[in-house]
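> Chains A and B are the protein sequences, given in the same order.
The first sequence begins at 20 in this note's numbering and counts up by one.
The second sequence begins at 6 in this note's numbering and counts up by one.
Source of the hints: derived by calculation from the structure; they are not laboratory data.
Accuracy of the hints is not assured; some may be wrong.
As the list claims (entries may be wrong) - Restraint ranges, calculated between C-beta atoms of paired labels, are given here:
1. LYS28/A with LEU16/B: 25 to 31 Å
2. GLU98/A with PRO87/B: 43 to 49 Å
3. ILE118/B with ILE31/A: 34 to 40 Å
4. GLY72/A with PRO119/B: 49 to 55 Å
5. GLY70/A with PRO87/B: 24 to 30 Å
6. ASP36/B with LYS28/A: 31 to 37 Å
7. ASP36/B with ILE73/A: 22 to 28 Å
As the list claims (entries may be wrong) - According to the in silico footprint, chain B covers these stretches of chain A (three or more CB under 8 Å from chain B):
8. 83 to 90
9. 124 to 132
C-beta atoms are modelled at their ideal positions from N, C-alpha and C, and glycine is treated no differently.
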Amino acid sequence: NAGVTQTPKFHILKIGQSMTLQCTQDMNHNYMYWYRQDPGMGLKLIYYSVGAGITDKGEVPNGYNVSRSTTEDFPLRLELAAPSQTSVYFCASSYSGPRNQPQHFGDGTRLSIL
Amino acid sequence: DQQVKQNSPSLSVQEGRISILNCDYTNSMFDYFLWYKKYPAEGPTFLISISSIKDKNEDGRFTVFLNKSAKHLSLHIVPSQPGDSAVYFCAASGDSGGYQKVTFGTGTKLQVIP
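My request is simple: use the sequences and hints to build the entire structure.
Written as structure tokens, this is what we have:
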């Protein structure tokens with residue numbers, strides 16, 4: 020009964036490096052999301068996907084890319100990491116759209132860019 | 006622009022008393038509201054929700070009230086327990102800009118004192 024699994028839990032990245040945050044869910048949910056949470060702020064939507072092969076931008080997509088080749092996996096790619104991307108990243112999923120469905124969240128990836 | 010506002014960053018309550026967490030929103034297109042609870046180093050977990058066609062929803066010790074005219078909702082926890090100590094996020098959803106958007110507040114940290 021894993022739910023939404025994110026790896027890694029913590030990571031330190033140097034400025035200009037790239038990395039991929041992994042997210043997988045085992046609930047056969049169609050919708051998946053990536054959020055970032057900065058200190059004292061709410062969650063901001065980076066990208067979302069309504070099904071395999073379909074992705075779209077959220078509120079803060081710059082500097083990120085995603086892909087959705089399977090229902091289960093929704094990796095988030097950071098290209099040319101910048102200090103402004105230091106944040107906690109949460110992946111979430113839901114069976115249908117968020118308008119009337121609660122989302123299931125992973126435990127987050129704490130990313131520091133130095 | 007902060008469309009979902011939680012103006013109290015923190016709240017302390019004695020065990021057994023009522024906790025009242027407040028949330029205000031500005032976007033009249035929001036029609037579904039959720040509360041999430043978050044413990045440190047974990048992802049948010051869904052707590053309770055309410056549709057705009059209702060003004061109250063109850064689940065055990067948790068009750069959410071919605072005042073559409075005031076664009077205000079509140080979460081009541083009665084009686085409060087030490088295990089309720091967490092950060093509570095208010096979230097609102099509705100069609101926005103062509104996709105189903107969820108907007109989160111900045112959170113209120115609740116401390117229940119034994």
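> Please go over all the hints and tell whether each is borne out by the structure.
A quick look at each hint next to the structure:
{"no.": "1", "hint": "LYS28/A with LEU16/B: 25 to 31 Å", "result": "holds (29 Å)"}
{"no.": "2", "hint": "GLU98/A with PRO87/B: 43 to 49 Å", "result": "holds (44 Å)"}
{"no.": "3", "hint": "ILE118/B with ILE31/A: 34 to 40 Å", "result": "holds (36 Å)"}
{"no.": "4", "hint": "GLY72/A with PRO119/B: 49 to 55 Å", "result": "holds (51 Å)"}
{"no.": "5", "hint": "GLY70/A with PRO87/B: 24 to 30 Å", "result": "violated (42 Å)"}
{"no.": "6", "hint": "ASP36/B with LYS28/A: 31 to 37 Å", "result": "holds (35 Å)"}
{"no.": "7", "hint": "ASP36/B with ILE73/A: 22 to 28 Å", "result": "holds (24 Å)"}
{"no.": "8", "hint": "83 to 90", "result": "violated (count 0)"}
{"no.": "9", "hint": "124 to 132", "result": "holds (count 4)"}
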